[in-house]
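J.: Sequence:
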Amino acid sequence: MKTLKYFLILAIFGLNVNYVWAADLPVFSDQSATQPNLQQIQFAPATNLAEVVEPINPTAIADTAVEIILNSQTFNLAEAEVWAGKKFKVFDNKFVFQIDSEMIKSPANLNLKEIILAPNSIMAPPKGMQLGSRIYEFDFKPVKESKLDKAIWLSVKYESNDYFRKNFYYFDQNKNQWLGIKGIISDGAQKIIVNISMPYAKVAILEDIDIMTEGTASWYKYKGCDCAASPDYPKGTKLKVTNLKNDKSVIVKVNDWGPDRSVHPDRVIDLDVVAFKKIATKSAGLCQVKVELAEPVKAATN
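According to mature numbering (1 follows the signal peptide of the UniProt record, and there is no 0), the stretch in the sequence shown is residues -22 to -1, 1 to 280, in order.
Treat the hints loosely; a few may be bogus.
[Unchecked claim] Within a straight-line C-alpha distance of at most 25 Å, the following computed BS3-like cross-link-like pairs (lysine-lysine) qualify:
#, residue 1, residue 2
1, Lys65, Lys105
2, Lys65, Lys125
3, Lys72, Lys180
Quick caveat, the hints were computed from the structure, so don't treat them as lab data.
Sequences and hints are given; from them, build the entire structure.
T.: Following this line, the structure appears as structure tokens:
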């Protein structure tokens, strides 16, 4: 039923049904090295995110400032509107807030904000991460005190089609940490969709910019092809893998996710046995390699 619900929401948002799942609640802090287990879609090489964080006169910002509000909108909703369900597309359709029908019987106030970070903000992404979108704050306040019977649906548009891994996060103000939320990435739509049970949060898309280039490669027997599993690059990416000991190379195509670096932190890639035998003996089991792009990654088309 939950999967069917996600498909229905995809249709409501007007997105393609071709999707991938994001990770279950990864947590990132300066002390955490664990990376989320994400599948990814077609992404192009990284681009400048100047549109995400615009240059602002620093003299106009207090040293203690956490955020800068770019835009805000307020909606006063009648009980009938809330009960019927409603969708709000705001800030050039980069943020969508949706309440399902029969969620709650109460008038409500909804405050939405579009935010960028101040230079010294405590909300800055942790090391190895960067913002892939603006930050959006929502505050849904029913006039009558009542528990929400259903989760709220959110959609955030990310700014660049680079190959960095993307996931949906909210900022936990008690822990001063960004916490991940499992969501859906719609292929080609440059949006991540989630449902959330909190009536208030600050949310954004964060990108993992730490890409491992050297480490251990292992082999697996699956497709019998020049292919590989990578936790850094999306499926379809062509990579050049070079054995650092003998300088032999092979061009492989990523067709799976892995290895899990929470289990194998030094593992840079897993090669199909056919590809592995072109740079090392099968009996070796492991070899030290360098991984690099074999060709530019094509940008996704909307």
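J.: Evaluate each hint against the coordinates.
T.: Going down the list of hints, with the structure as the test:
no.	hint	in the structure
1	Lys65 / Lys105	35 Å, violated
2	Lys65 / Lys125	20 Å, holds
3	Lys72 / Lys180	14 Å, holds
When the structure is compared with the earlier hints, a violation turns up for hint 1 alone.
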